[in-house]
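J.: For chain A, the structure is supplied; the task is to place chain B on it using the hints.
Protein sequence lines correspond, in order, to chains A and B.
Quick note: to get the working numbering, add 136 to the position in the first sequence (first position is 1).
Quick note: to get the working numbering, add 20 to the position in the second sequence (first position is 1).
No incorrect hints appear here.
A short, non-exhaustive set of chain A residues, derived as facing chain B with CB atoms under 8 Å:
hint, residue
1, Arg-147
2, Met-200
3, Gln-202
4, His-271
5, Thr-273
6, Val-275
7, Thr-278
8, Arg-295
9, Asp-302
10, Ala-317
11, Gly-318
12, Arg-340
13, Asp-341
14, His-345
15, Ala-349
16, Asn-356
These are calculated hints, taken from the structure and not from any lab test.
C-beta atoms are modelled at their ideal positions from N, C-alpha and C, and glycine is treated no differently.
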Amino acid sequence: MADSAGTRLVRRSPLAHAHRSLGAQFRPIYGWEMVASYRAVEQERAALLDTGGICDVSDTGKLMVQGTEALAGLRTLLGVETLSPGSVHAWAEHGGDSPVTVAALTPDEALVICAPHEEALVGDAVEKALNGCAHVTGVTSTRAGVLVMGPRAQRVLSRIVEFDTDPRAFPDGACAQGRAAGTHVLLMRTDAFGIPVYDLCVTRDHAEHLWDALLAAGRNEGVGPVGLDAVEALGKAE
Amino acid sequence: MADLRLPSNDSHVLDRNRRLSFSFNGRTVSAYEGDTIASALHAAGIKLLSRSFKYHRPRGLLCNSGRCANCLMTVDGAPNVRICTTPAVDGAVVRSQNAWPSLELDALSVLDRMDRLMPVGFYYKSLIKPKFLWHLAEPVIRRVAGLGAVNADAGKDIDYEHVNMYAEVAVVGGGPSGCSAAIAAAESGTRVVIVDDQQSLGGHLRDLAGPVASDGEFAGVPGYGLAAEFERQLDEAPNVTVLTGASAFGLYEGNLLAIHRGSEVVKLRADHVIVATGTQETPLPFRNNDVPGVMLGTAALRLANRYGVKPGNSGVVVTDGPHGLRAARELLDAGVGVAALVDTRAGNAAYVDSQAGGSLDHEAEDLAERGVRLLPSYEVVEARGGRSVKSVTLRRRWGVGDEVRVRCDFVALSTGSDAQRALLQQAGVDLPHAASNGPDKNVYAAGSVAGTPNAAASIEHGRRIGAEVGAAAAGRAAPPSTTAPAGAGERRPNAGYAYDTAAAGKSFVCPCEDVTAADIRLAIAEGFQDVQSLKRYSTVTMGPCQGKMCVRALSEILADATGRSPDEAGRTTLRPPVQPVPMGALAGKVHTPFRRTPLHHRHVELGGDMTVVGEWLRPASYGNATDEVRAVRESVGVIDVSTLGKLNVYGSDCPEFLDRMYSNRMSNLRQGRIRYGMILSDSGVILDDGTVTRLADDQYYVTTGSGNVDLVEEWFQQWTAGSKVCVHVTNVTPGTAAFNVAGPKARETLAQITDCDLASDAFRYMSAADTTVAGVPARLLRIGFVGEAGWEVHVPAEYGAHVWGAVLEAGAAHGIRPFGVEAQRVLRLQKKHFIPGQDTDAMSNPFEADAAWAVKMDREDFIGREGLRIIQERGLMNKLVGFVMEDAHVPKDGVPVMRDGYPVGKITSCRADPYGGAAFGLAWVPLELSEDGTRFHVWIDRDTTAEARVTDAAVYDPTHEKVRS
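Okay, chain A solo, but in the shape it has when bound (with noise of 0.2 Å):
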């Protein structure tokens, strides 16, 4: 997207400001602005494998699915029996190239996370699914997404968490809503490159609020930001 004097316009994601204070390199992703890397991706990697991570992934879509036939046509998309509120399920047939994750909020509300390019293309396909009484809302600028990764995570995230978030009532595949640091969160743990994963979503008027108490938790437990680079880096060594 270009404004009328031909320049590329960028998406910011609300932490923009407080990457910016901490030194990061930034780089274009699907038209977005997100964080390359605070220091030597290496040294980001290493940690992430080592204690942990935060990471802010606001970038990705996100589409709010609602409706009391809402579940019942994510079902079939995803070819399963039950979608309980409180499980998060990965959508392989989407027809994108990109990973979808489909969170079961409520009995009548999913939310559905894409790449930030095929925000569009999977919007579509869930609504070309749902029947009767449901909706599909786009809320990428809504939310903002950061990503507490590692060996530690859990450890930070029970600095600011309220509900339980040990790993034998939160296991991966689990998501839940309730306060952290002041404010409401939904979380969901989605485990990847053999280390867990949570994925935190905050709306994003609050995003900087939740980003500064989760770097407070993190330091204790030596879990500082880390970059996309970094991530991917561990996503091509699986």
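T.: Same frame as chain A, but now just chain B:
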């Protein structure tokens, strides 16, 4: 200076290869890695640790387990640190407190001789008349009595935090019963958290170098070895989390355990809680029982067996049971001299007690053979010594005889102990002597707190309770209905508290608050015979130990003095915190999640004075609100209104649904048109106002007041929940940046960055269009509350800063200014637009708020209609009116409207005219004062009122032509 260090032993926790040093009152003290500050001081022969609260008497180590107040010191600036549980750290700066000019020579110890002037409750009896006396005395008393001074700078660099933890089974107490309960519970596969306030698990087993029991499973196993084995098993269990150095200070509803650990408070929520807090030895009241060197038996054992420090060279052990004989033997084995064993039990009966197992006769004989003078049937009358005990005076109980004096340099009091039942009491578990459990509570007692007599029995009991609770937590069995151990309920022998208190010298019951046995008897004689009022009058149990040292003696003396049993005399209530907690840890991190708009940092860069408005951070102004008002009136201004609530409302039933929600009809709104509406409560009170834009047959875009979006979203969802209407509400507030471009030059400004036709006939007032602005997909709403032609520009949040910059750039030629909420307030007031919540309150209805034009009573039912009908029938009582001042006064928001010297109304908003004219605003006045032109008086200050005049017309553009232009 004496060196009381013992030779190395396996039971010690010291690393003798690592030496460190710290300063104490300016003197360098050396220690080993593993020492506490107290053990290092004691090893260096420093027995005088503090001065007492009231009389400034010398005090030394008493409990050596972090319970009493005798060792409170200021460590690295933090006051009131219990040095007996604080590890010695190289370079630490340790200072004594509450003494002047020095700990050794405290001038205020003169108070000890003035005790007759300061009996219990003396400030209630004297210092009453004349009244000013108390005000003179209070600061002196506060200065003289007390603990350390608060250092406002200490702890500023400490990162206090709250941590949330969950467990299926929480075990409080890491002694023999707690450890065995946790191990047994973990075998069921459940998540177990064990909490202990000491640095390592094992409880008193850590302080025993000898075998845990003389026969059975633990014969030949040294106590410290078993403690280490427990700790190893728990550390290795994958489903067990061990929290050491963590003090559980409260058990709250829903099995929420509050735990203080360093700079953290852990909030542990557990399905089941096993309380294995054990017992605490308590001191005996006898004359001068507070001389340094007089300590609990467990304190002496801990010094010797854990830290390798002799409590002294020649001790007297005082006991009322087999545990004292054991303590004497352990001390001798450790290489500590024991001169005498005083047993308060009668004669030979002292040595025939089978409960502890083994032949105690043999144990007594053994002690005698090792040179210990056995004194059965004796009691302690007095300790002598100044800054260290020199001797004790003894006499026979139940008979007359000569007093015996024994020279010694320490006294170990193994005279019974008190179950630590605070957490059980807080959970509402009834535990006088046996454990019980309510099915809904899932709180259980294990070990000696439930009444087991010795370590072996505690371990067995812990195992049973742990296994049963673990099975219950795993869903395999019902929780145990009773946890009473065999033999529970039997009282331990009374060491004898009913000593005469008439003799000279002080027998302290409450060492924290300097309350003596004589004080308590005096208070009882004065009529304070209820334990609760006795506590409040005498302050006994109210010190830092919170009754751990004194409540047992208090209860015994009260019972003795009033002819009741100790159970009848009762105990004080054991409220949280069980142990003191630093205020910083209690507070934790203060999370105040203010909402930030997508333009937040742009405002900061522009010099915006960011203030909290509701939950949002908004610029009050960018320096000069008056100039900002003028820019809007004369040229163009732009304000960030991202804080307005924005809801997408979808669904086939939307039109009818919104008709019910709003005072206006919304179903006949044409696509692309906007209508103002109010949301009312059932009784017709204004909850919020905003605009509704129709986007499609089944889609509306609703805006709400800043800060009201959560209320409106919940209100909508409340009215759809459970019904079968197809209406979905999505809050898109945080994802949408919005700003209002307003003023005579707003059209020219926006036209430079959008292709949308903004001509007044093409883009009419109260209409909307989806278009692009500065290359970004945008929704333009031709609305505004500032009384000028203007558009609200709504764009995705991530483009907000870009479009904001484009607007400022486009308006630069017209002198555009960003304006803040203060200028907006003035602009709204000039137009007589009220702000719900500011100009209305929880009683305001649209008729009285002069907004009847936005209510359509002649249509089908809507929420609030019936309430409004009743209000119409009743008739109006007050009215919100616009006013202008008749003089130069500018009344403050909230001041009363006066009539005949009485308040009859209220100014809700008032601002000075930016062009220098009379101030104007909105006010609630009685109906009879609401006619156009009516004059009323406004309170200015105590002596002044000013006159104001009601005006129906807005002070700016009363015909509303500009807004439509």
